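Guided by the hints, dock chain B with the ligands onto chain A, whose structure is given.
Line by line, the protein sequences give chains A and B.
To convert, count from 1 in the first sequence and add 31; that's the numbering used here.
To convert, count from 1 in the second sequence and add 187; that's the numbering used here.
One thing to keep in mind: the hints can contain errors.
[Unchecked claim] Label-pair restraints from in silico Cβ distances: (1) B/R652 with A/P123: 37 to 47 angstroms; (2) B/L236 with A/D140: 32 to 42 angstroms; (3) A/E66 with B/K585: 20 to 30 angstroms; (4) A/E173 with B/Q209: 21 to 31 angstroms; (5) A/A195 with B/P216: 34 to 44 angstroms; (6) A/K134 with B/K199: 38 to 48 angstroms; (7) A/P123 with B/L656: 40 to 50 angstroms; (8) A/A130 with B/P216: 55 to 65 angstroms; (9) A/N197 with B/A544: 29 to 39 angstroms; (10) A/M166 with B/C342: 28 to 38 angstroms; (11) A/K134 with B/A270: 24 to 34 angstroms; (12) B/K585 with A/K202: 16 to 26 angstroms; (13) A/K164 with B/Q587: 23 to 33 angstroms; (14) A/E66 with B/Q251: 36 to 46 angstroms.
[To be verified] Derived EDC-like pairs: lysine to aspartate or glutamate, alpha-carbon spacing no greater than 20 angstroms straight-line: (15) A/K122 with B/E582; (16) B/K199 with B/E632; (17) A/K134 with B/D545.
Everything labelled a hint here was simulated from the structure, so no lab data went into it.
As the structure is a computational prediction, the values presented were derived from the model and not from experiment.
Note that beta-carbon positions come from the ideal geometry of N, C-alpha and C, so glycine has one too.
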Amino acid sequence: MIVDIFSLGLLAAASGLLLGFAAVRFKVEGDPIVEQIDSILPQTQCGQCGYAGCRPYAEAIAAGEADINQCPPGGEGGVIALAELLGRDPKPLNPENGAEKPKMLAVIDEQNCIGCTLCLQACPVDAILGAAKHMHTVIARECTGCELCLAPCPVDCIDMLPVAQNIGTWKWSYPLSMPEPRRAAEQVAA
Amino acid sequence: MSGLFAFHGGLKTVRHKTESNQTPIQTPPLPPRLLVPLRQHIGNPAKPLIQPGDRVLKGQMIGQADGYISAAVHAPTSGVVVALEPVPVPHPSGLADWCVVIDSDGEDRWIDRQAVDYRQMHPSDLRNWIRNSGVVGLGGAVFPSAVKMNLSGHCERLEHLILNGAECEPWITCDDRIMRERAAQIVAGIHILAHLLNPREVLIGIEDDKPDAIAAMSAACAGTGYQVRAVPTRYPSGDVKQLTKLLTNKEAPIKGRSTDIGVQCFNVATAYSVHRAVNHGEPVISRIVTVTGHVRQPGNVEALIGTPFSALIDWAGGYREGAERLIMGGPMMGFALHSDEVPVTKAANCILIAGAADLPAEQPALPCIRCGACVEVCPANLLPQQLYWHARAREFDKAQDDQLFSCIECGCCSYVCPSHIPLVQYYRFAKNEIWAQEKEKQKAELARQRHQARVERLEREKQEREAKLRQKAPAKAASPVGESAQVPLETAVARARSARESVTAPATADSDAAQG
Ligand code: SF4
Ligand code: SF4
Ligand code: SF4
Numbered sequence: 032m033i034v035d036i037f038s039l040g041l042l043a044a045a046s047g048l049l050l051g052f053a054a055v056r057f058k059v060e061g062d063p064i065v066e067q068i069d070s071i072l073p074q075t076q077c078g079q080c081g082y083a084g085c086r087p088y089a090e091a092i093a094a095g096e097a098d099i100n101q102c103p104p105g106g107e108g109g110v111i112a113l114a115e116l117l118g119r120d121p122k123p124l125n126p127e128n129g130a131e132k133p134k135m136l137a138v139i140d141e142q143n144c145i146g147c148t149l150c151l152q153a154c155p156v157d158a159i160l161g162a163a164k165h166m167h168t169v170i171a172r173e174c175t176g177c178e179l180c181l182a183p184c185p186v187d188c189i190d191m192l193p194v195a196q197n198i199g200t201w202k203w204s205y206p207l208s209m210p211e212p213r214r215a216a217e218q219v220a221a
Numbered sequence: 188m189s190g191l192f193a194f195h196g197g198l199k200t201v202r203h204k205t206e207s208n209q210t211p212i213q214t215p216p217l218p219p220r221l222l223v224p225l226r227q228h229i230g231n232p233a234k235p236l237i238q239p240g241d242r243v244l245k246g247q248m249i250g251q252a253d254g255y256i257s258a259a260v261h262a263p264t265s266g267v268v269v270a271l272e273p274v275p276v277p278h279p280s281g282l283a284d285w286c287v288v289i290d291s292d293g294e295d296r297w298i299d300r301q302a303v304d305y306r307q308m309h310p311s312d313l314r315n316w317i318r319n320s321g322v323v324g325l326g327g328a329v330f331p332s333a334v335k336m337n338l339s340g341h342c343e344r345l346e347h348l349i350l351n352g353a354e355c356e357p358w359i360t361c362d363d364r365i366m367r368e369r370a371a372q373i374v375a376g377i378h379i380l381a382h383l384l385n386p387r388e389v390l391i392g393i394e395d396d397k398p399d400a401i402a403a404m405s406a407a408c409a410g411t412g413y414q415v416r417a418v419p420t421r422y423p424s425g426d427v428k429q430l431t432k433l434l435t436n437k438e439a440p441i442k443g444r445s446t447d448i449g450v451q452c453f454n455v456a457t458a459y460s461v462h463r464a465v466n467h468g469e470p471v472i473s474r475i476v477t478v479t480g481h482v483r484q485p486g487n488v489e490a491l492i493g494t495p496f497s498a499l500i501d502w503a504g505g506y507r508e509g510a511e512r513l514i515m516g517g518p519m520m521g522f523a524l525h526s527d528e529v530p531v532t533k534a535a536n537c538i539l540i541a542g543a544a545d546l547p548a549e550q551p552a553l554p555c556i557r558c559g560a561c562v563e564v565c566p567a568n569l570l571p572q573q574l575y576w577h578a579r580a581r582e583f584d585k586a587q588d589d590q591l592f593s594c595i596e597c598g599c600c601s602y603v604c605p606s607h608i609p610l611v612q613y614y615r616f617a618k619n620e621i622w623a624q625e626k627e628k629q630k631a632e633l634a635r636q637r638h639q640a641r642v643e644r645l646e647r648e649k650q651e652r653e654a655k656l657r658q659k660a661p662a663k664a665a666s667p668v669g670e671s672a673q674v675p676l677e678t679a680v681a682r683a684r685s686a687r688e689s690v691t692a693p694a695t696a697d698s699d700a701a702q703g
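For reference, chain A alone in the conformation it holds in the complex (with noise of 0.2 angstroms):
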């Protein structure tokens, strides 16, 4: 009987443990389903969904408000992935909101920047840094491709370059010797 009553005390004393460890471990900060969305979203902050960057469109999927296939750079697996996430059906991008294209990165001719600053404080990640009236350089490593520069800058300095390859980031590709199978969003778009 004492035994009983010890175990199941020292049951109860587990399982408590187990469950503050739980919430401490498990924690998730605001709305759990407005998380998982912004997740899935590339973070390129580019707004070409309509909003003023992931966090704002993923509130507004959540809300059901937005539509899933808003976000180009996301592309075709984003779609899916969110599809996936929702229960929903996959569909194609809306070619409203552009298209998917290879991420590219802003290089700033460094020659003919004036220094205004006007980059600066369009880049939503702070990628771009300088001081005025001294040339602007972009860090590659944190710049998100989202072309939100190009426009501000009076001088038309900014490009977008592709990514360069090496040996580094080359990949193997689908092995071409048979046909791919067609992905779920062409299946539904066909």
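For chain B with the ligands alone, kept in the frame of chain A given last:
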């Protein structure tokens, strides 16, 4: 032979060892120009220590290990550094990578070589010495060896130190020849490894199709307590997991390392280079390369790192009729090269010039018939057919759930597949995509944090501005600050515009000047 165990799966392949293992290792002439890549190992590329124009001596360190998992790179001969630039290297992509280009002065003059007494050295000093000598796994994996010599945190005491002389790839014979010709020096290297790792027993595994190598190694090991064991000739017995199973009957946990079960494994040629580094003060500046297949005189050469493949193919008598494809490594695990103007690296164990008959016929892949042949041969106990479905459909999560990363890319499954499906290509594709996605995720997370920080900062600044504005609202109404700031910007814009235009029209300016 006592105490031998079997592993699951594997293949009997057609052997092509005698083509190249009948003659002793030869030394080709010193090439006039060497291309020494800074990335010849797993981990960070070496950091260059020289500049174009510098004179270097044979064995001089020209690239320094960068970080824990990295290895040093040395000048293979004396001469002048003529360039530090990207040069095509042996890689499936055919891309260029950073190389130190050295024009040899023909003197082949060594640095001052210093042997060290390893018995008197602190283990970490000895490991550092080996690391600075550029020693990496010469079986083809090129993992920095010094890292594997540090057991702290992995296991209490090493049970088995395994020396890998299995050499199971059907065409490669460089380990066979080095064991036959330099057994005593390999054993001298094993003494150093055993001194560092203090194993309970030392096992040397050699496939039983190499009787001469087994005899030579057994003779050299007499009286040392090291045990030479012949293992059945069955591909891929030379993979660490398979060789461990064969020799000890132990299997490492799926996601674990071999040290988790008290095993550490080195290639026999690696033991040889440990000996050269410690007892002779010679860093890794050459390796034995099998040149075989459709060349006139196949064989093994001791080639300086950086020697162009084309020079070795010439040395072997040149291409023979029927040469179809240039492969680095064996036909099972190697990869096709785009050109023979690439340098020998520490990973280059074999240059195979394959003929049409040596390669699996290029046949269009047919649908999988679910025959299960691939499952039977998979030495990693995986379900290759299942992995193939997932990789093909880009369902990478499911592929990972089915242990994609336990696949050793041995190629057994592709070899037996009656539908000629390039299974391993699918696995390589899937692994690469998963790594790339992982990198993308990290980058996205960084962008998310930076964006959030910016939003918060802007909000804070806005509030501060508003607070200030409220303080001196009456004064601000009359001040024309905004306009005066605008003027210099416009003039600057105009200046830059004209500057950019004059730069973009250099052709006309030049021709004008030429006429005038
Ligand atoms: S540098 Fe330009 S393209 Fe890159 S993240 Fe900033 S605003 Fe976008
Ligand atoms: S061997 Fe080929 S056809 Fe047979 S089950 Fe495996 S993948 Fe399918
Ligand atoms: S390549 Fe991978 S899946 Fe195929 S047999 Fe070898 S270990 Fe198994």
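Hints versus structure:
Checked against the hint of 37 to 47 angstroms, the C-beta distance between B/R652 and A/P123 comes to roughly 44 angstroms, which is consistent with it. The given range of 32 to 42 angstroms is respected by B/L236 and A/D140, whose C-beta atoms sit roughly 34 angstroms from each other. Checked against the hint of 20 to 30 angstroms, the C-beta distance between A/E66 and B/K585 comes to roughly 24 angstroms, which is consistent with it. Checked against the hint of 21 to 31 angstroms, the C-beta distance between A/E173 and B/Q209 comes to roughly 59 angstroms, which is inconsistent with it.
Against the hinted window of 34 to 44 angstroms, the Cβ-Cβ separation of A/A195 and B/P216 comes to about 37 angstroms, which satisfies the hint. For the pair A/K134 and B/K199, the supplied restraint of 38 to 48 angstroms holds, since their beta-carbon distance comes to about 47 angstroms. A/P123 and B/L656 have their C-beta atoms about 48 angstroms apart, which keeps the hinted 40 to 50 angstroms range intact. A beta carbon spacing of about 57 angstroms between A/A130 and B/P216 agrees with the range 55 to 65 angstroms that was offered as a hint.
In this structure the supplied range 29 to 39 angstroms holds for A/N197 paired with B/A544, their Cβ-Cβ distance being about 36 angstroms. For the pair A/M166 and B/C342, the beta carbons lie near 55 angstroms from each other, so the given range of 28 to 38 angstroms is not met. Taking 24 to 34 angstroms as the suggested C-beta distance range, the pair A/K134 and B/A270 conforms, at roughly 31 angstroms. Remark: the range hint 16 to 26 angstroms for B/K585 to A/K202 is upheld by a beta-carbon distance near 20 angstroms.
Separation of A/K164 from B/Q587 is about 52 angstroms and departs from the stated range, judged on CB atoms against 23 to 33 angstroms. Range check, A/E66 to B/Q251: Cβ separation about 44 angstroms, and the 36 to 46 angstroms hint holds. Of the supplied pair hints, the one linking A/K122 and B/E582 holds, its CA atoms being roughly 18 angstroms apart against a limit of 20 angstroms. A C-alpha spacing of about 48 angstroms is found between B/K199 and B/E632, which places the hinted pair above 20 angstroms, so the restraint is violated.
As the CA atoms of A/K134 and B/D545 are separated by approximately 41 angstroms, the hinted pair breaks the 20 angstroms bound.
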